[in-house]
Amino acid sequence: MIAPSIPADEAERLTALARYGILDTTPEEAFDELVGLAASVLQVPVALISLVDESRQWFKARIGLDKASTSREVSFCAHAIHDDDVFVVSDALNDPRFFDNPLVTGEPKIRFYAGAQLTTPDGHNLGTLCVIDRHPRVLTCEQRSALRSLAHQVVMQLELRRQVAERTSAERELDRFFDLSIDLLCIAGFDGHFRRLNPAFETAFGYSRAEMIERPFVEFVHPDDRAKTLAELDRLRAGQQTVHFENRYICRDGSAKWIAWTASPSPEAGLIYAAARDVSERHEVERMKNDFVATVSHELRTPLTSIHGSLGLLASGVMGELSGEARQMVIVAERNSVRLMTLINEILDFEKLQSGKVEMDVRPAPLLRVLERSIETISAYATQHGIDIELHCPRATILGDETRLSQVLVNLLSNAVKYSERGGTVRVVGVLQPGMVEVRVEDRGCGIAEGAQKRLFERFHQIDSGDARAKPGTGLGLAICKAIIEQHGGSIGLESNEREGSTFWFRVPAVVMQVTGEGQRS
Amino acid sequence: MKALVIDDEEDVRFVAQMSLGRVGQMTVVVATGGEEGVALAKAEQPDFILLDMMMPGMDGAATFRALRADAATATIPVVFLTAKAMAADVQRLIDLGAKGVVLKPFNPMTLPREITAILNP
Chain A
0 MIAPSIPADE AERLTALARY GILDTTPEEA FDELVGLAAS VLQVPVALIS LVDESRQWFK
60 ARIGLDKAST SREVSFCAHA IHDDDVFVVS DALNDPRFFD NPLVTGEPKI RFYAGAQLTT
120 PDGHNLGTLC VIDRHPRVLT CEQRSALRSL AHQVVMQLEL RRQVAERTSA ERELDRFFDL
180 SIDLLCIAGF DGHFRRLNPA FETAFGYSRA EMIERPFVEF VHPDDRAKTL AELDRLRAGQ
240 QTVHFENRYI CRDGSAKWIA WTASPSPEAG LIYAAARDVS ERHEVERMKN DFVATVSHEL
300 RTPLTSIHGS LGLLASGVMG ELSGEARQMV IVAERNSVRL MTLINEILDF EKLQSGKVEM
360 DVRPAPLLRV LERSIETISA YATQHGIDIE LHCPRATILG DETRLSQVLV NLLSNAVKYS
420 ERGGTVRVVG VLQPGMVEVR VEDRGCGIAE GAQKRLFERF HQIDSGDARA KPGTGLGLAI
480 CKAIIEQHGG SIGLESNERE GSTFWFRVPA VVMQVTGEGQ RS
Chain B
0 MKALVIDDEE DVRFVAQMSL GRVGQMTVVV ATGGEEGVAL AKAEQPDFIL LDMMMPGMDG
60 AATFRALRAD AATATIPVVF LTAKAMAADV QRLIDLGAKG VVLKPFNPMT LPREITAILN
120 P
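Chains as they are written, first to last, in numbering that gives the first Met the number 0: chain A, 0 to 521; chain B, 0 to 120.
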């Protein structure tokens, strides 16, 4: 007997075999059927799927043989895995490698052997699909081809089995993350019901997952947030992603929690995949901050009223004439008390606007009137700076809060005047657009660098004009303008070139009249 | 012209007194609260009353009602002084029967003029 040698790729071959995780597993129908088919097609009493590991050949499926494995030493298959094509021994007794093999001399008394290699996609022979007879035989061409095909099927089956196992384990891994997540993860249907929730939902809301799946999810949403939640659901149904959406959920104990969502729909499956987190703390901090700002501002305003009033009276001289320097000093103090008061008023105004506490008194108003009133308010200031204000206004009726829009315009105008050269002109131009009016305030001042333009509407952001003449402001004016215009459902922006001037514009809804003429003044 | 200022805040009261007195050349009497104010109004018969809205105890609205309830003070014009700048609140005060409203913080240099304008529309 000649014992089989070790193949050159033995290490990789064994790694490949281990990757299939099949050794010493229980019988499986797919493999049993394939050996059955081999035995029947080739008309033999014994057929095996034999896998050769370090020390033995182990049979994943077998017909006509009791043993589950044999030593590798005596194995025919361990010889077969050296070859590329079907390995055939027509008569073992006449073969010097096998004539005294115990499997030949004893049970199962092998005389004929044919084994087709089980070759992995990366080229390693794991073992064979082999057929055995107790009589010498010759393998026909058709039989060889059939055996080869069946061996290929065995490998395909092994591959499939491995992929299923990998996927199952990947799913189990994802499930583990799903269960572990502190954030809320869920799958919901387009029908408005949750389908699958992670345990974080139970911790967050106090309801069992079964309870939350049973009812439409909007029932758990705060009544004030239901309409916008349904609107968001409609957007998702239309195939749009939710990048950021916040609503309040009511917990079992009756408390409300702010939840921030991101969601992605799968319209084909009618499903929504969503991740969310509890942002109540952030909302609470925001609320406390707003309350704090409001309270502090009120508390500051009362004493400032007295300071400002006292200084004003002193500076005016009605309390008795002051010496030149003392009067200067009082004027400095008064001027700064005015600045402080303006700042506090603007902070209060901005906080109110931001928290939505200010209702816009929206009604139709002639555009011309709004523009003229704003210009009147600023005219003394403009004259003082030697600036002319020109007005070009088409006929239109705007829909808005006249006082608030005038506040915006006065703010834009005072900026334009402030940044214009003495003797310059500021133009106010109304432009009709479909359903909208655009109001433009144009100056020929120093302009604003492109980099600074973006942040201009943020609060407490002021441009560093590099101008020697200090132009103090509160840094809130434009932020307030933006808040007011946005509450009107409009937009605000600017166009500016450095050294050429700036144009600030805003658009608000309007009833645009037939253009029959235009009001002008300068 | 004689003015009665009713305000619980000493500093605001003083500034108003100086403004009306020095800038407006009026005679000014002051009260620190509603009850004192009603008594002074009866005794002094001012040409108008500048009445603070937010006061502890008897607030501006209660003081106004007390003034209206007494024949001796029922016809004295009242101008409210309030920090509440909301349009709705101002309207509420006018509806109460106030002659007008001056918003806090007021400008002491223009306060007498504003009040004169309110009293003689």
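Hints are computed from structural coordinates only; laboratory data are not their basis. Be a bit skeptical, because a hint or two may be false.
Stretch by stretch, here's where chain A covers chain B in the computed footprint (C-beta under 8 Å, at least three residues) [what the hints assert, rightly or not]:
(1) 4-11
(2) 92-101
(3) 106-117
In the DSSO-like style, the derived pairs of lysine-lysine whose C-alpha atoms are separated by at most 30 Å in a straight line are [claimed, not checked]:
(4) A/K351 <-> B/K41
(5) A/K288 <-> B/K103
(6) A/K288 <-> A/K227
(7) A/K417 <-> A/K351
(8) A/K108 <-> A/K66
(9) A/K417 <-> A/K453
(10) B/K1 <-> A/K351
(11) B/K41 <-> A/K417
(12) B/K1 <-> B/K41
(13) B/K98 <-> B/K41
(14) A/K351 <-> A/K288
(15) A/K66 <-> A/K227
Quick caveat: nothing in here was measured; it's all calculated off a predicted structure. Note that the Cβ used here is the ideal one computed from N, Cα and C, for glycine as well.
When the structure is checked against the list of hints, which entries are broken? Sort them ascending.
The structure breaks hints 2, 4, 10, 11, 15; every other hint is satisfied.
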